[in-house]
Amino acid sequence: MGNNIIPPKIASWLISKFSHQYHQKPALGDLEEIYFEKAEEEGIESAKRWYRKQAILSIKHLFNIIIFWSTSMLKNYLKITFRNINRYKGYSFLNISGLVAGITCSILIFLYIQYEFSYDNFHESADNIYRIVAKEPTNYFMGKNVFVVTQAFLAPTLMEEYPEVISATRYGGAGGLLGYQGKWFIERSGIYADENFLNVFSYQMISGNREDVLTEPNTIILSESQAKKYFGNNDPLGEVLSLKNRYDLKVTGVFKDIPENSHLKFDFIVSFRTLLSDPERAERMKRWSASSYRTYIRLDENTEYRDFENKLVSFVDKYVGERAKSEAGENYKYILQPVKSIHLHSDVNFEGSDNNDMKFIYLYSLVGFFILLIACINYINLATAKSLKRLREIGIRKVVGAQRKQLFIQFIMEALVFSIFALVISMLLIYLLLPFVNSIADRNIEIELAGNMLLIICISLIVFFVGIVSGSYPAIYVSAFRPVNALKSKGLLLSKNSLMRNVLVTGQFLISIVLIICTIVILTQIDYIKNKELGYDLENVIEVRLDRGSYNGIIESLKQELLANKHIKKVSSGNCPPMLVDSRGGYHLESNTGEMTYTRLYQVTVDYDYIDLFKIAIVEGRGFSSDHVLDLENSVIINEAAANAMGWEKAVGKSIKRKKRSKSEQEWQVIGVAKNFHSLSMHLDIRPLIILPQDNNYSSVFIKIDPDNLAETLDFIRETGEKFNPGFPFDFHFLTDEYSDMYKSEQRLATIFTWFSGLAILIACLGLFGLISFVVESRTKEIGIRKVLGAKAYGNIIMLIKDFIKLILIANIIAWPVAWLGMNNWLQNYAYKIEPGIGVFILAGFLSLLIALATIGYQSVKASISNPVDSLRYE
Amino acid sequence: MLSGHDELLLLTILNLKDSAYGATMMKHLTKVTGKEWSIGAIYDPLYRLEKTGYIRSILSMPTQERGGRSKRVYSVTKKGVKALQEHLKVRNELSDSIPELKTDNRLKYGK
Numbered sequence: 001m002g003n004n005i006i007p008p009k010i011a012s013w014l015i016s017k018f019s020h021q022y023h024q025k026p027a028l029g030d031l032e033e034i035y036f037e038k039a040e041e042e043g044i045e046s047a048k049r050w051y052r053k054q055a056i057l058s059i060k061h062l063f064n065i066i067i068f069w070s071t072s073m074l075k076n077y078l079k080i081t082f083r084n085i086n087r088y089k090g091y092s093f094l095n096i097s098g099l100v101a102g103i104t105c106s107i108l109i110f111l112y113i114q115y116e117f118s119y120d121n122f123h124e125s126a127d128n129i130y131r132i133v134a135k136e137p138t139n140y141f142m143g144k145n146v147f148v149v150t151q152a153f154l155a156p157t158l159m160e161e162y163p164e165v166i167s168a169t170r171y172g173g174a175g176g177l178l179g180y181q182g183k184w185f186i187e188r189s190g191i192y193a194d195e196n197f198l199n200v201f202s203y204q205m206i207s208g209n210r211e212d213v214l215t216e217p218n219t220i221i222l223s224e225s226q227a228k229k230y231f232g233n234n235d236p237l238g239e240v241l242s243l244k245n246r247y248d249l250k251v252t253g254v255f256k257d258i259p260e261n262s263h264l265k266f267d268f269i270v271s272f273r274t275l276l277s278d279p280e281r282a283e284r285m286k287r288w289s290a291s292s293y294r295t296y297i298r299l300d301e302n303t304e305y306r307d308f309e310n311k312l313v314s315f316v317d318k319y320v321g322e323r324a325k326s327e328a329g330e331n332y333k334y335i336l337q338p339v340k341s342i343h344l345h346s347d348v349n350f351e352g353s354d355n356n357d358m359k360f361i362y363l364y365s366l367v368g369f370f371i372l373l374i375a376c377i378n379y380i381n382l383a384t385a386k387s388l389k390r391l392r393e394i395g396i397r398k399v400v401g402a403q404r405k406q407l408f409i410q411f412i413m414e415a416l417v418f419s420i421f422a423l424v425i426s427m428l429l430i431y432l433l434l435p436f437v438n439s440i441a442d443r444n445i446e447i448e449l450a451g452n453m454l455l456i457i458c459i460s461l462i463v464f465f466v467g468i469v470s471g472s473y474p475a476i477y478v479s480a481f482r483p484v485n486a487l488k489s490k491g492l493l494l495s496k497n498s499l500m501r502n503v504l505v506t507g508q509f510l511i512s513i514v515l516i517i518c519t520i521v522i523l524t525q526i527d528y529i530k531n532k533e534l535g536y537d538l539e540n541v542i543e544v545r546l547d548r549g550s551y552n553g554i555i556e557s558l559k560q561e562l563l564a565n566k567h568i569k570k571v572s573s574g575n576c577p578p579m580l581v582d583s584r585g586g587y588h589l590e591s592n593t594g595e596m597t598y599t600r601l602y603q604v605t606v607d608y609d610y611i612d613l614f615k616i617a618i619v620e621g622r623g624f625s626s627d628h629v630l631d632l633e634n635s636v637i638i639n640e641a642a643a644n645a646m647g648w649e650k651a652v653g654k655s656i657k658r659k660k661r662s663k664s665e666q667e668w669q670v671i672g673v674a675k676n677f678h679s680l681s682m683h684l685d686i687r688p689l690i691i692l693p694q695d696n697n698y699s700s701v702f703i704k705i706d707p708d709n710l711a712e713t714l715d716f717i718r719e720t721g722e723k724f725n726p727g728f729p730f731d732f733h734f735l736t737d738e739y740s741d742m743y744k745s746e747q748r749l750a751t752i753f754t755w756f757s758g759l760a761i762l763i764a765c766l767g768l769f770g771l772i773s774f775v776v777e778s779r780t781k782e783i784g785i786r787k788v789l790g791a792k793a794y795g796n797i798i799m800l801i802k803d804f805i806k807l808i809l810i811a812n813i814i815a816w817p818v819a820w821l822g823m824n825n826w827l828q829n830y831a832y833k834i835e836p837g838i839g840v841f842i843l844a845g846f847l848s849l850l851i852a853l854a855t856i857g858y859q860s861v862k863a864s865i866s867n868p869v870d871s872l873r874y875e
Numbered sequence: 876m877l878s879g880h881d882e883l884l885l886l887t888i889l890n891l892k893d894s895a896y897g898a899t900m901m902k903h904l905t906k907v908t909g910k911e912w913s914i915g916a917i918y919d920p921l922y923r924l925e926k927t928g929y930i931r932s933i934l935s936m937p938t939q940e941r942g943g944r945s946k947r948v949y950s951v952t953k954k955g956v957k958a959l960q961e962h963l964k965v966r967n968e969l970s971d972s973i974p975e976l977k978t979d980n981r982l983k984y985g986k
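Protein sequence lines correspond, in order, to chains A and B. Residue 158 in our numbering sits at position 158 of the first sequence; the count goes up by one each step and never skips. Residue 963 in our numbering sits at position 88 of the second sequence; the count goes up by one each step and never skips.
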């Protein structure tokens, strides 16, 4: 037999590795015997092929072997783990609760983030749907220069010009009083959308053919719940609803309620043709200077949307050019937003939906990760400390031949068992906590393990992360014990790992302190916003939203009737409350040199009593007054910011003009300057503002009431409203509530941070509590001897806690700059903000110290005042 | 009870008489069943059978032709023969009463 026909080396190595000791040698011999026979009969190549196949087949058996041999040892590890859990119940409780808190928190955060990413994924061609928004580089409105609204004819024109636009649609808001057989409801979330709408989006139809439900004028389709509201269980198809003072609309279809995770939400769609059926309006909508509709397109799947966006530059030149140069400034530009990214990435004016920000997603992931880390650190600290109690077990295992690897596996396994155990409890907790989380986050998250592969993967990753991260240090630490030391003494080992443990405790407190500081800063900022001098008074003011148009001519008598009630102090009307002036117009203002300069001003229209009702201060001139007949015709008030922007020393008497759409110019004289008030949110500076006298453009009535007799007064207001506009549901709210609603996202952030920091500090304290117990236990004798030699109890207490205090002080020193940087960054979002002083940091430091002392206090005091006789007899 | 695998192995050892070891058994089984057998598929059940006491094995001296490796030669114990007998009895009893199987057998043997 030649030497060159030896079997493939890798294959024989595999077989030798993977076979049982019992038959390793004979098996190799057997294979070789057949191999040589085959080599002679069928040739070397065929023999080699056969040999390799055998090697691969043997791998299958490897697994059988591994399972057979390792289960017996694993069984033992598991048994010991459960015995230990049972034996040290307090320790296990601390440890598992820490892990439960960490795991629960991180899975909840994962669920939330997954939900946030699921927005608009349900559309069949979600990857190819884009919203077109307009960027007007020099036109900043409410701090942003991108606008969600575009021209009415953008969509159809794009479809005509570009073949890659498969479908394009536009929609505008629809609302008002919708009624059927004398039953009226105020509807705010309807839309006018064209016939391509259901072609671009895949909202599901229940009845009606999606191809043609919106093709005729005067047709409407309703959501399932809306159909129930108006028609009960009757078939709505063919019935006629009326949109008060506007259209009669025939129901042509019903669609399934819009999923919660859609950025676009609406209850009904009126066909766009309904708007176009008015020839005058249709003509107006053709102008490229008016943007009030939202445009969505579906691109061909092979089109790169950035390329398409670039193509639109020439489109702008062709169609929008004129306007771009006059008003919006140079570089008017269309931007495409992939529909799936809108919820997390879009930040534009007039968005109208409750969008989130990617920043928060990062922030929450980070916090979730850190809380999980704190929980792991907890486990590490407790497990290493506790391993001192298991020295005998470890020593014996080593003496009877356990290899380091085996001990390592044992301790990793123990951590995994703990982590799986914690997971089971966490899952139960998550089911219980989810409704609560949903109410904080204002979402509708459901947990469904089946079908949510990502969740299952994430959960397994978390469990393994926790198991491996928290198991590995104790495993390395324990497996390195020398059996002689392990069987003999404790003190040697305790001091050895103190550095590592100190770092870990410091880390835990570092994270907790950062979270505490953030919480305090967020709460202080919210408090600042709530109590800031706004420049107007919202206390006890009710806003009633009116159905525009229904009160023409009767508004004055409504006001008089309301004022007849002695609990109603003042009544005024206007187009918006003073804290959210979100309308703006272009004006020509007379400059100091007499020329007229074009400026955009935020605008609010009010009646005579508005300024008085809201107690807005006038610093120059006077407010509107019914004594001056001409006030309604040609007088305006501006704010200080406007006067400053124009550089006017004396503003009263200056002239302001505006070109009206159809009519000729309108001109006003400034009669007064109002003290600056916060007409926008605290995120933004106070901008130049003009207060115009009312010209039938009111949409709200403001009623200042006496807080006594509230229920009766509200009833009176409701009755009076009904009298003036029968069938109209009178819908009101307090302005103070509306004001705090403006800062809902801050409130949410504060709630979440309060919980996070509470949780972090709780877990850290669990760890600290466990640690001090072990420290006290291992130093029992030392304390006894000290006492015998004359040490005082308080001296002992100080000795025990001073190490921990040092660690917490170090944690504070590191945490302060970290938290300061983070919070400073967050506060940049506000034009009006607090300056977090050193006080906040000292408060957080003091709090952390106090909590830590409370945690370790009991154990150390108990140990220090105990009778030395007992402690010396210990063991 | 013996499994189908065990039965095949025991019968093979008895068939091969004194020269029943890994390589010969593999070849024999491959010939009879017409499918490729892996080394593990032979040794794992053999290990189990030996632990139960149905077979015994002798480790022979290493030989040159096997790359200096010894071979494990198997023989069936009395206990093993008895277990096999019982197994075959049960099996025949069960299959004898099924006519379809009989015709099948006959057809096969007829070929």
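Quick caveat, the hints were computed from the structure, so don't treat them as lab data. Any given hint could be a false lead.
[Unchecked claim] Heads up, simulated PhoX-like pairs for lysine-lysine below, C-alpha to C-alpha not over 20 angstroms straight-line:
id, chain 1, residue 1, chain 2, residue 2
1, B, K892, B, K902
2, B, K926, A, K25
3, A, K53, B, K910
Going through the hints against the structure:
With a C-alpha separation of about 15 angstroms, the suggested pair B/K892 and B/K902 falls inside the 20 angstroms cut-off, and the hint holds. Under the criterion of a C-alpha separation no larger than 20 angstroms, the hint pairing B/K926 with A/K25 is consistent with the structure, at around 19 angstroms. Restraint check for A/K53 and B/K910: the C-alpha separation of about 13 angstroms stays at or below 20 angstroms, so the hint holds.
Violated hints are absent here; each numbered hint is respected by the structure.
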